[in-house]
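A.B. asks: First to last, the protein sequences are chains A and B.
Under our numbering, the residue at position 292 of the first sequence is numbered 292, and the numbers go up by one with no gaps.
Under our numbering, the residue at position 97 of the second sequence is numbered 97, and the numbers go up by one with no gaps.
By construction, these hints were calculated from the structure, which means they are not laboratory data.
Derived lysine-lysine pairs resembling DSSO-like cross-links, with alpha carbons at most 30 Å apart:
(1) Lys314(B) / Lys342(B)
(2) Lys166(B) / Lys546(B)
(3) Lys314(B) / Lys400(B)
(4) Lys342(B) / Lys66(A)
(5) Lys514(B) / Lys471(B)
(6) Lys218(B) / Lys79(A)
(7) Lys67(B) / Lys106(B)
(8) Lys177(B) / Lys514(B)
(9) Lys316(B) / Lys66(A)
(10) Lys106(B) / Lys420(B)
(11) Lys177(B) / Lys144(B)
(12) Lys342(B) / Lys79(A)
(13) Lys314(B) / Lys66(A)
(14) Lys79(A) / Lys89(A)
(15) Lys249(B) / Lys66(A)
(16) Lys592(B) / Lys400(B)
(17) Lys400(B) / Lys342(B)
(18) Lys90(B) / Lys546(B)
For the chain A half of the interface with chain B, some residues (derived, Cβ under 8 Å), not all of them:
(19) Pro67
(20) Gly70
(21) Asn101
(22) Val102
(23) Pro261
(24) Thr279
Because the structure is a prediction, the values reported are computed rather than measured.
Every residue, glycine too, gets a C-beta built ideally from N, C-alpha and C.
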Amino acid sequence: MKERHGRARISSLDVEGLTYRSASLWQITWRRFFRRKSALVGLGILAVLVFIALTAHWIAPYDPYKPLIGIENVQRREKPCIHLLGCPKDRPQHIMGIDGNVRDQFSRLLYGARLSLVIGISTVSFAIIIGTILGAVSGYFGGWVDNVIMRFMDVLLAFPSLLLAITIVTVLGPGLINALIAISIVSIPAYARVVRAGVLSVREMDYVAASRALGGSHFHLIFQRILPNALTPLVVQGTLGIATAILESAALSFLGLGAQPPTPEWGSMLGAERNQVFTAPHLVFFPGFAIMLTVLAFNLLGDGLRDALDPRLAHISE
Amino acid sequence: MNRKLLALLATSLLVLSLVLAACAQPTATPTPEQPAATEIPETPEPPAVTEMPTPTQAPAEETPPPKVPIATYDGRSLSVPDCDYGGYIKSIEATDDYTVTFTLCKPDPAFEVKLAFGVFSIYPKEWIEATTGPTTRTSEGLEKPVGTGPYILQEWRRGESVVLVKNPNYWNQELIKNAPETLVFRWSTESAARLLELQAGTIDGFDNVGPEDFEVVKNDPNLQLVIRPALNVFYIGMTNTYPPFDNIKVRQAIAMGIDRQRIVDTFYPPGSEVASHFTPCAIPNGCAGEPWYEFNPEAARALLAEAGYPNGFKTKLYYRDVVRGYLPQVANVAQDIQAQLKENLNIEAEIVVMESGAFLEASASGKLDGFHLLGWTGDYPHITNFLDYHFGKETQQFGKIPPEIYEPLIEGGQIADVEKAAPVYERANNAIREFVPMVPVAHGASAAAYRADVVNPQASPLGNERFVFSKGGDRDTFIFMQNAEPISLFCADETDGETLRVCEQITEALFAFKINSTELEPALAESCEPNANLTQWVCTLRRGVKFHDGSDFTAEDVVATFNMGLNPGSPTHVGNTNLWEYYDYLWGLMWK
Chain A
1 MKERHGRARI SSLDVEGLTY RSASLWQITW RRFFRRKSAL VGLGILAVLV
51 FIALTAHWIA PYDPYKPLIG IENVQRREKP CIHLLGCPKD RPQHIMGIDG
101 NVRDQFSRLL YGARLSLVIG ISTVSFAIII GTILGAVSGY FGGWVDNVIM
151 RFMDVLLAFP SLLLAITIVT VLGPGLINAL IAISIVSIPA YARVVRAGVL
201 SVREMDYVAA SRALGGSHFH LIFQRILPNA LTPLVVQGTL GIATAILESA
251 ALSFLGLGAQ PPTPEWGSML GAERNQVFTA PHLVFFPGFA IMLTVLAFNL
301 LGDGLRDALD PRLAHISE
Chain B
1 MNRKLLALLA TSLLVLSLVL AACAQPTATP TPEQPAATEI PETPEPPAVT
51 EMPTPTQAPA EETPPPKVPI ATYDGRSLSV PDCDYGGYIK SIEATDDYTV
101 TFTLCKPDPA FEVKLAFGVF SIYPKEWIEA TTGPTTRTSE GLEKPVGTGP
151 YILQEWRRGE SVVLVKNPNY WNQELIKNAP ETLVFRWSTE SAARLLELQA
201 GTIDGFDNVG PEDFEVVKND PNLQLVIRPA LNVFYIGMTN TYPPFDNIKV
251 RQAIAMGIDR QRIVDTFYPP GSEVASHFTP CAIPNGCAGE PWYEFNPEAA
301 RALLAEAGYP NGFKTKLYYR DVVRGYLPQV ANVAQDIQAQ LKENLNIEAE
351 IVVMESGAFL EASASGKLDG FHLLGWTGDY PHITNFLDYH FGKETQQFGK
401 IPPEIYEPLI EGGQIADVEK AAPVYERANN AIREFVPMVP VAHGASAAAY
451 RADVVNPQAS PLGNERFVFS KGGDRDTFIF MQNAEPISLF CADETDGETL
501 RVCEQITEAL FAFKINSTEL EPALAESCEP NANLTQWVCT LRRGVKFHDG
551 SDFTAEDVVA TFNMGLNPGS PTHVGNTNLW EYYDYLWGLM WK
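Turn these sequences into a full structure, and let the hints guide you.
C.D. replies: What follows is the structure, encoded as structure tokens:
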């Protein structure tokens, strides 16, 4: 673990006449990252998703909330109609078909990307902030503070995360915001643990001791000296955590505890049409595929980041 | 050392508080003033939950005094001193062991059909007394009913199935000769799952075929489809004690602003129709009076603006995610209504899905402050069953029912002749149209599916299939799959159709309906003879009938059963919900 703390900067050295080009750790990391094809695929998918999420209201051909009854001559749960693939030109084009409430499935799916990314990023951000503070305080002070915080985290970890999330949503009442809160709470312990481990290994380093000797306050020591050097694993954990958060929110919405209709959330779209898996498979396939793709993207990205950031794996990737 | 001890102490305190918090959740959520639903206030008799004050409801003008039981019961007769309490029954008397005389306060044209309703099934007197618990029936009473029916309860595997076995001592040996030995009820909320089971041959039949599966079943040579006539109604309810629904113009605007034809065309199976009145037209006088408002969004918006809501308002749309014949695709219909409210009237309704039992209780007691989606399947084919239950004077579901609606209902309930009652029900229907306590949307056709070799496949218009008549090939076990698990098996105090269907195989009432029909046939009573003005009915009971516990069926059991249901002063007047909704609405509980 200790190698990692040389991350601050490898300055330009002149040893026995040889000049080493200086490269920051981030530069090395990016170089390693870009060598991994799977990570690039993840990044690519994610870029497309972010683009869709940002431009959904321009690229979606229909209003995701408005039933097309009486507006277009389409049937409920109609199969996809793509002109390029031979669907008659006089039929309105719906590339992912029509849902159970006569709405364009494709438009709903595009808006769903926005929601999924927001869910993933906001829950993980919240969990990281709380988890980092708890982990840092716990690791820095040690003793009974550490004991209390980490045992509390152990209690949270003792419950299966989805079950705990369901419990929290049941208490708070179903709804997207409450589901976000629930998922955040459930993911806090993972981050707290990672940060605590990082802090524990850094706090005894000489530069921290030097800072302390110079009279640095606890706040200064934690946030200026220790945390910046203990955050690397958090980046990986956070990226992978987004995937988990998206899955969990989809599961909650599938169960009717997350996003409420008519919100175009992938999990609730899947849940609403689960009965039609044989009669209208496209209504189940596309949201399911979208969830899979997003989770895959974050997982690939997370794996790539982990490999790139972990010096022990350096020889494998280089 | 001390520090370690302190840490240990703090940790254990934290864990303890977490555990306590987790355990305390259910009681922590309700508002402090609101009593829990199952809690019974300390009064000698168990009063209906509907009497409880509700803090969220608009304040009542005056608090009614507590009700006092007025009936006397001596084992052979049940009577009230006078008819001022507003109910139907003056006395029920066991004239001899096999004769019961019902004396009514007012003529009841639907007397016999009411008696045929499964809720009024007869239980043995001793069993009624033995299963009386302090606040509800004992678990024996709730889960192991004893009746005279063709099937005996063998086992209720919670969450899985109810298993019934043939009653070897059933009074109609001819009927039971060919019946399957074992009858099993299973359930699944998903129509696709039910169809899969039937296709796989693991069940013999199921109820409520999904509208999209009608064709699948029809085209499968191994299956048969039985269409159930639309003897039901789906409506959008509003409680007029909550603003803005207290404004009649708002309700009228909503009545005009929803395209009901679109809902029926899009979400209902073939054979369903848009409701022109609350009661289906197949029921005599159901469609007397003017038909419902035409869809007219412009007029609706104008009316809403006139009521003071030119920009609409925000509210909630409550429903339970339960499939019924009147509402086969509840989530889709709810979303369509939500979209229509937004589009036509700019009303933003947030969808709230509730647990079925909680939803029924909240809607029945008028505690829902937004729209609620509910429906009704006829229990007996008489207009009183549709209108009196929903728009009677005491009904709280839609807030306060105006006298313009309930007065004709009281009058019509005393006229046996359909022709003579027509103008009265015309007044009632027109008043419902004017005051809009709810918006009737559809009469939904539904269907049951069976394996092709099932004889007498049933889809009763009243939802009370009698499986003693059905048999699948030469199989000894008949397995029927319905939408939901029974709530309890003490059906005297239940309203849920899935619950009643199971009970009706085990217990019997004085009359029964012929299969797939609304026509009456004698069951525990051989006949009931009325006097000239329909106020006294002398019922001759069937002899030689034995209950499942071996005791003889006599007139005293009939009186004891009605005493249990009608007499709030009786110690045996405890059930499951303690609302006794059907006893209350169809006969009137005996208290003032």
